[in-house]
Amino acid sequence: MNLTKSDRILLTVNKMLLVIVSLLVLLPLLYVFLSSFLQPNTLLNKGIMLSFSDFSLDGYARLFADGTILRGFFNSVLYATGFTFVTVVVSILAGYTLSQDGLVGKKTIMIFFIVTMFFNGGLIPTYLLVRDLGMLNTVWAIILPNAISVWFIILARTYFKAIPNELKEAARIDGASDFMIFLKIILPLSKPIIFVLALYAFIGQWNAYFDAMIYLEDRELHPLQLVLRSILIQNEVQPGMIGDQMARAELQRISEMIKYSSIVVASLPLLIMYPFFQKYFEKGVMVGSLK
Amino acid sequence: MQNAARELQEEHVQHQKQKEPDKQPGHQPDKKKNKNLEYIKKNYLLYLFIAPAIILTIVFKYIPMYGAVIAFKDFSPMRGIMGSEWVGLEHFTGFLTSPNFLNIFMNTLKLSSFELLLGFPIPIILALMLNQIRRANAKKNIQLILYAPHFISVVVISGMVFLFLSPTGPINSLVSLVTGNTYSLMSDPDAFRSIYIISGIWQGAGWASIIYVAALANVDPQLHDAAKIDGASLLRRIWHIDLPVLKPVMAVLFILAAGGIMAIGFEKAYLLQTSMNIPASEIIPTYVYKLGLQAGDYSFATAVGLFNAVINVFLLVFVNSVVKKLNEGEGLM
Chain A
0 MNLTKSDRIL LTVNKMLLVI VSLLVLLPLL YVFLSSFLQP NTLLNKGIML
50 SFSDFSLDGY ARLFADGTIL RGFFNSVLYA TGFTFVTVVV SILAGYTLSQ
100 DGLVGKKTIM IFFIVTMFFN GGLIPTYLLV RDLGMLNTVW AIILPNAISV
150 WFIILARTYF KAIPNELKEA ARIDGASDFM IFLKIILPLS KPIIFVLALY
200 AFIGQWNAYF DAMIYLEDRE LHPLQLVLRS ILIQNEVQPG MIGDQMARAE
250 LQRISEMIKY SSIVVASLPL LIMYPFFQKY FEKGVMVGSL K
Chain B
0 MQNAARELQE EHVQHQKQKE PDKQPGHQPD KKKNKNLEYI KKNYLLYLFI
50 APAIILTIVF KYIPMYGAVI AFKDFSPMRG IMGSEWVGLE HFTGFLTSPN
100 FLNIFMNTLK LSSFELLLGF PIPIILALML NQIRRANAKK NIQLILYAPH
150 FISVVVISGM VFLFLSPTGP INSLVSLVTG NTYSLMSDPD AFRSIYIISG
200 IWQGAGWASI IYVAALANVD PQLHDAAKID GASLLRRIWH IDLPVLKPVM
250 AVLFILAAGG IMAIGFEKAY LLQTSMNIPA SEIIPTYVYK LGLQAGDYSF
300 ATAVGLFNAV INVFLLVFVN SVVKKLNEGE GLM
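Note that the protein sequences, when read in sequence, are chains A and B. Counting along the first sequence from 1, when you hit position 74 you're at 73 in numbering that gives the first Met the number 0, and nothing is skipped either side. Counting along the second sequence from 1, when you hit position 275 you're at 274 in numbering that gives the first Met the number 0, and nothing is skipped either side.
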């Protein structure tokens, strides 16, 4: 089909605009990545005149000279894994039950869940509850209060509904118990939804800082995001990172290098991994909203 | 949530259908009860499966709802929720008449409504633009770039904002080349909202466009071909063919976003706060946090949070009814 001249111009402009938008997104990321290997402001002062000798791993060496960031990393792995496991198990089981036709009490249970999407007790009552349960400064404060996600349950339910009933009926005729049917037939078919939910849960928890900030006072327990917050936002530099540098200008220079390298350390794993999982993420968005 | 509402409706219809046989003469009301009990006994496994979800919901969602009564009490940790003295609406009137109230309330309202008004159309425009890219590979690569910031944590985004906007940072270096001046934007209350909204768009607009891109994939290409034959220009085709397809999605997402206006996220606002930009950056959620968890004024903070939640529900209902009117009777509820 032939396009008119003005349409063709418009399409070219459109392409150019999209390239510009992509650059606007990409350049800050690239700037952070390059700066993490450079002395502060080298990139701006030298521009394309950069040479290999400007690059160094000093920022990274200082970042890892102190155990704080590694400890935060391992804490985050622990919290995100634990949270993902509990959330996915709870959501899959509940979603399976709610996907059954003719389940007695289904409507009541759905309302029971959906009410919590619109109303909640708020920050303070939840905090007081967690405190009264003795969960402050424990992993449970991170895992349990948010383990229940109505959205996850609905996603799982939608997925299970699409599994044909005939499969279950056939197994039942062969004498399989309900539990065996779930274990041997339903679960193997559910790998995609389990994967989508696990990705969402893991990344959500990995990037979260708020619950850890209010529930974990003990610094030893802090996840990566809280360590980052102290480096990036609160301008705290661990003594192990600076060594014996005491001059003010020198201190600022070092802290800026550490900031850039900490951003790379914290964000690069997800940014490298996500293109491989992109289609699963998109699937999750779609199932959740358009059905 | 759109889903949830629809599901509920469906179940309501199903429920009514199930009820109908009961109306026939000779049916005992007890019979249904027995049948239900029988079903539960036979399918006890299903109820076992959903038990953890129900228990977690009761403990961590419903008990705090009960706990919110401390908004009407003078809560002291020693005497517990039950034992604390009832003070009625004292905390609410206290908040409404406090000198901070108007400022914090307006900050919350402005920050989130500007964010909504500026942020809402951009993913739609992005999706329409992406939809015009014919080469699947090029389209995929652009999407890959546009989605990436979504995976960066809010702490890192805020950290990047601080680094980029610092007086010695890259933005100021570029600005000083032109004007000779540097600006400390993070201490400027007037700049806070722009910083918050622009960084939010940078991070979220690409990801938010996914849903519109998917909706556009459902447009029948024959419609476009037919319109081309009729001599419709590209812009007219987008306006008359693509946009109407997006309208229902837009309506639902707009209601949800507008209904959440007062529920604006705490996390980024708190991180971007500096002692200097507080006049613009103090919003209700950060105020509740500081008052309740840092100062220990549990009852007052709960009252402020509850006030916010109530406004939010009203907003949701109001926006829903407005959209319904504009959208030929189609809303969320």
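By construction, these hints were calculated from the structure, which means they are not laboratory data. Each hint should be verified, as a subset may be incorrect.
[Unchecked claim] Subject to a maximum C-alpha distance of 27 Å in a straight line, what follows is the list of computed DSS-like cross-link-like pairs (lysine-lysine):
(1) A:167 x B:31
(2) B:31 x A:278
(3) A:106 x B:323
(4) A:106 x B:139
(5) A:14 x B:139
(6) B:139 x A:278
Here's how the hints hold up against the structure:
{"no.": "1", "hint": "A:167 x B:31", "result": "26 Å, holds"}
{"no.": "2", "hint": "B:31 x A:278", "result": "46 Å, violated"}
{"no.": "3", "hint": "A:106 x B:323", "result": "26 Å, holds"}
{"no.": "4", "hint": "A:106 x B:139", "result": "41 Å, violated"}
{"no.": "5", "hint": "A:14 x B:139", "result": "13 Å, holds"}
{"no.": "6", "hint": "B:139 x A:278", "result": "11 Å, holds"}
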